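K.L.:
Which chain is which? The protein sequence lines are A and B, in order.
Going by the working numbering, the first residue of the first sequence is number 14, and it counts up by one from there.
Going by the working numbering, the first residue of the second sequence is number 55, and it counts up by one from there.
Heads up, some of the hints might be wrong.
[Claimed, not checked] For the chain B half of the interface with chain A, some residues (derived, Cβ under 8 Å), not all of them: (1) I89; (2) W138; (3) A171; (4) G256; (5) L526.
In short, the hints are calculated from the structure, not lab data.
Since the structure is predicted, the reported quantities are computational estimates derived from the model, not experimental observations.
Where a beta carbon is used, it is the ideal one built from N, C-alpha and C, also for glycine.
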Amino acid sequence: MTETDPELLGKAYDSRLMRRLWGVTRPHRRLVLFSMLLFPAVAALELLQPWLTKIAIDRYILTGDWPGLSRIAAAYLACLLVLYGLRVAISYLTQVAGQQVMHDLRAALFAHLQRQGAAFFDRSPVGRLMTRVLSDVEAINELFASGAMAVVGDVLTLGGIVVLMLVLNWELAMVTFALVPVLAAGAAYFRLKARESYRGVRTRLARLNGFLQESLQGMAVIQLVARERREAELFAGLNGDLRRAQFRSTFFDSMLYAGVEGMGSAVVALLLWYGGGQVLTGALTFGGLVAFLEYTGRFFLPIRDLGAKYTVMQAATVSAERVFGLLDAEPGIISPAGGAVAGLPGAAAVEFRNVWFAYEGEDWVLRDCSFMVAGGERVALVGPTGEGKSTIVRLMTRAYDVSRGQVLVGGRDVREWDLGALRRQVGVVPQEVFLFTGTVEDNLRVGAGAAAQNEEIERALRTSRADRVVASLPNGLRQEIRERGHNLSQGQRQLLAIARALLYNPSVLALDEATSSVDPESEALIRAGLEELLRGRTSVVIAHRLSTIQTADRIFVLHRGQVRESGRHAELLAQGGLYSRLYELQFGGIGP
Amino acid sequence: MSPARRVLGYLRPYTARYGAGVGCLALATGFSLGIPWQVKEAIDGLRGGGGALAFHAGVIAVLAALHAVARLASRFTMLGAGQWVEHDVRHDLYAHLETLSPAFYLTHRTGDLMSRAANDVQALRALAGFGAVMLASTTFTFAGTLAAMWAIDPRLTLWALAPSPLLVLLARRFNHQVAVESTAVQEQLGALSARVQENLTGMPVVRAYTMEAREIDAFGRLNGDYLARSLRLARTQAAFSPMMGLISGLGGLIVLWVGGMGVLDGRLTLGAFVAFTAYLAHLAWPTIALGWTLGNLKRGLAAMTRIAEILDTPGHVDEPTEERQEAHTVATGWGSTGAIPETVAADGESTGAINQDRGPRHGAPNPQPPLLNGPIEFRRLSFGYDGRGRALDDVSFTVPEGATVVVVGPTGSGKSTLGALLSRLYEPPPGTVFIGGRDVRELPRERLRRSMGYVPQEAFLFSRSISDNVALGDETAPEARLRASAETAGLGSEIERFPEGWATVVGERGLTLSGGQRQRVALARSLVPEPAILVLDDVFSAVDAGKEAEILRSLRAAVAGRTTLVMTHRLRVAQEADRIVVLDEGRVVEQGTHAALLASGGLYARLWRIQQIEQELADD
């Protein structure tokens with residue numbers, strides 16, 4: 014709820030932000046400048062119409078010049094048509110500029126997000142990031158559509174009216190302007206009050222909705238302690254509060270509108286009275302008086318609406334600030350500049366050298382953890398949950414950086430590697446198979462890209478035993494994946510994940526075995542597929558399968574952030590230490 | 055009931071306000087139409103060489119003031135009434151939500167319900183408030199302005215309105231095209247946002263397979279398509295929106311030309327010509343707003359339909375009415391915690407239905423019904439949640455009055471379902487769940503739940519103070535009892551250490567409690583009303599072992615004499631129970647004491663062994 018907190022509305026204009034926004038418009042600068050040029054033209058034509066009426070009255074209607082009136086009517090028509098054309102152009106051009114800028118900002122944000130490390134996503138909920146990329150960017154567009162641009166138009170129109178009034182009759186103009194301070198002060202007062210009371214509405218609404226949301230989540234508790242009546246009373250209190258605040262807001266809002274409207278009428282009365290006198294003395298023509306009446310009508314509306322535009326600007330500024338704030342978040346993990354390790358032949362060794370790691374503060378997950386996995390060796394990690402097994406996998410690909418110590422792949426610190434090269438060398442198969450929207454083939458090609466030949470895909474499918482999965486799908490490789498793959502069975506998804514990893518062909522593999530059980534037939538297929546996948550690669554497997562620990566070259570027993578025991582299955586069992594107990598717990602077939 | 059009738063039903067109580075508001079609007083329209091008329095008179099007077107300028111100016115000032123007052127009055131009454139309608143709908147909605155069962159909340163996500171309670175209710179206010187104002191005001195303005203124009207010159211009126219059919223035709227075509235194109239934009243936005251969400255949730259995979267460039271490409275394509283669709287919509291809007299101005303400008307042009315010739319011919323005075331132009335301008339705004347007014351009506355009715363879906367979901371079935379039965383008093387030993395129950399034990403042997411009569415307090419309008427006690431019995435209970443298999447299958451066992459029975463079993467074995475049925479969060483089949491020999495279905499929910507301290511598995515706390523959270527079940531409880539309950543739940547010293555003690559607010563902007571602390575607050579909450587029956591569903595799952603032992607000690611003293619049903623997967627809790635029931639896949643597979651079950655070497659014995667290993671690992 015903090016996102017929409019009304020108290021957070023900041024300045025409507027921030028020169029630093031504006032300069033930055035101006036910078037974003039650079040590729041579309043010509044468009045923006047051109048549409049800005051059109052504004053004065055529109056303002057001029059809008060002001061021309063009453064002037065034409067004035068001429069029509071003074072020169073033709075009152076003198077009885079029929080052809081002249083027709084000529085003026087033709088000019089009026091031309092004016093209308095040109096105005097229409099200009100308005101179309103302005104509306105379209107500002108939209109094009111705004112939409113292009115939004116498009117660019119979205120693309121920049123998305124690309125920026127791709128460069129962020131895992132720690133960034135731990136801090137930033139998906140919902141908030143989506144708001145940045147979608148809603149906040151959309152709000153910035155308001156600056157183009159109805160904010161800054163429209164204000165420019167309003168200011169031009171106001172200026173034009175002032176000049177024309179002075180030209181028509183400066184005394185009468187002064188009479189009109191005399192009321193401007195009154196109007197401006199009144200409008201400012203009521204606008205301020207209206208905004209204040211509106212803020213009151215927002216806070217109360219947020220409070221009410223917060224209460225409601227909590228009630229919905231905790232309804233079972235409310236019902237269990239038989240507290241429905243009391244909660245309904247509390248809700249009624251908030252509901253009543255909100256209604257009163259709304260009425261207060263309505264009061265000031267209505268006062269503002271009625272006040273401006275009344276003021277407009279007062280000016281008409283004043284003009285008739287004073288201007289009528291001027292007409293009688295000949296200082297003003299009839300047409301001039303009529304034009305005056307029309308100009309004053311157009312004079313007060315922009316002054317009234319300035320406040321509404323201010324609010325739009327405020328919202329857009331807040332959004333812009335958030336968007337730029339996100340763009341300014343430097344990715345914590347990047348490839349080293351120059352001379353980065355770009356890939357090694359053969360199955361690389363993996364070493365953890367006195368690694369300390371905490372996701373937060375001093376909450377150590379790994380404490381002085383050291384081990385060595387030789388090239389081509391197959392290592393199984395076992396240990397109670399939450400003891401750092403998954404963390405080891407994450408550190409191997411530099412999803413996070415270690416707090417202390419070193420992680421080495423192929424004898425080189427992962428921080429010396431080019432990030433992309435490291436991640437092509439070290440493949441990760443996460444526990445939960447994540448399939449993207451698209452076809453099965455798209456999902457297989459995920460890492461290998463379009464370069465992979467069809468034969469390679471066929472081979473990977475055969476080797477991983479996933480060929481049967483594909484054969485069983487109505488559209489084979491072209492089958493669309495829906496709902497992140499939940500139209501496939503758990504076993505099918507795992508087999509596809511194995512095929513995907515085979516196609517990606519890393520020399521080091523970090524694999525987190527799925528815990529959920531599958532039917533015996535799929536289990537046999539998966540086991541065979543895994544065997545093929547691990548062959549000839551250095552591998553670190555978070556083991557949940559008996560076969561995995563039995564076939565591992567070595568087993569590392571992780572406890573309290575360290576490798577406490579290591580060796581083959583039979584050796585470790587014989588030791589009767591931690592491992593034997595863990596084995597009984599996790600593989601003894603008596604798990605809960 | 056149709057949504058429109060439903061809306062009218064909510065408006066009815068405010069008929070007088072709406073009537074007054076509409077009356078004020080009629081007056082306001084009249085006053086505002088009077089102003090151009092005065093201008094006409096004044097100008098014609100001027101043409102006549104003088105006239106009563108000051109008089110007309112004065113009348114205009116008065117009309118302007120009257121208009122402002124009438125307009126304000128209409129807004130206050132009608133917008134105010136709209137706010138009352140919103141208030142009432144929200145009130146009914148909340149009251150109804152309170153009667154809906156957990157099954158409803160399982161199938162309706164909070165986000166969806168919130169959107170109805172927030173956005174739809176607001177859409178309804180827009181209809182009942184500003185929508186009503188606009189509807190009345192548009193009608194009056196059209197009728198009044200046309201009448202005034204007709205009065206000045208019927209022929210000119212027809213001329214001025216000539217472009218209007220064109221406007222209507224264009225508007226319809228435009229609305230249709232905009233609807234089609236903005237749907238296309240919305241769809242693409244949906245695709246775009248789905249893509250972003252997928253990318254962000256799948257980020258570990260994106261990183262692992264170095265898919266970044268591909269993802270940026272894919273997003274770029276969707277983004278480009280979104281831009282193209284948005285621009286298509288922008289083009290339509292850019293072409294059509296200024297058309298309104300053009301067409302009303304054409305009206306002005308016609309008036310200038312035809313009206314101007316009328317003045318030339320002497321058929322029209324200059325003042326009438328000026329007033330006519332002003333009236334024409336009056337029509338522009340309601341015409342533009344017409345589309346909004348109709349759309350608003352449609353949105354409001356759609357919102358009412360969605361709200362009605364909730365209001366029409368049946369809540370609790372009618373509660374059984376129960377005649378008062380004879381009252382007994384029951385022994386409730388609060389034991390070593392030091393709090394003294396209000397009622398003192400008298401008739402401890404009673405195994406009967408109704409216990410303890412706190413007695414109708416004299417003068418109290420709503421006497422509390424006596425609380426329940428007695429054995430809990432499950433009799434051949436089979437139950438399945440909607441659309442899923444059986445959660446419980448032929449379960450029978452009894453918790454004798456004053457005894458403690460512990461139900462253990464793996465996750466998903468049906469433990470929690472027992473509590474949900476006992477408290478009638480879900481309705482058990484008839485004749486399967488009994489308290490004190492009475493089928494729970496025959497007991498009013500409120501009384502049943504007041505009699506039972508039920509702590510569900512998930513400890514839900516409200517963003518209120520600790521003391522409000524603990525006193526949730528009995529706000530009138532004396533402070534000493536709150537403290538005693540907190541003490542029993544093992545919270546005592548911790549609360550003192552919170553920044554503001556008992557007044558510390560839990561939640562987002564207040565104190566963040568650990569899972570174990572939350573569970574203990576929920577436990578304390580259940581103890582405050584001093585129920586004779588306690589049902590604890592896995593309340594120690596997030597409490598660490600040392601603390602657990604401590605709480606167990608104090609709780610044992612507290613529950614002495616209470617009928618207690620404990621569901622847990624921690625077998626330490628079970629050790630000292632009077633009896634243990636072992637559930638597996640919804641069936642009772644073993645029953646007995648700890649020692650007997652260990653000796654039999656079944657599921658319980660295996661679970662016990664696993665927990666011992668876990669304990670060893672933790673202690674290692």
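K.L.:
If a hint holds in the structure, say so; if it doesn't, say that too.
P.N.:
Tested hints:
{"no.": "1", "hint": "I89", "verdict": "holds, 6 Å"}
{"no.": "2", "hint": "W138", "verdict": "holds, 7 Å"}
{"no.": "3", "hint": "A171", "verdict": "holds, 6 Å"}
{"no.": "4", "hint": "G256", "verdict": "holds, 5 Å"}
{"no.": "5", "hint": "L526", "verdict": "holds, 5 Å"}
The structure meets every hint from the earlier list without exception.
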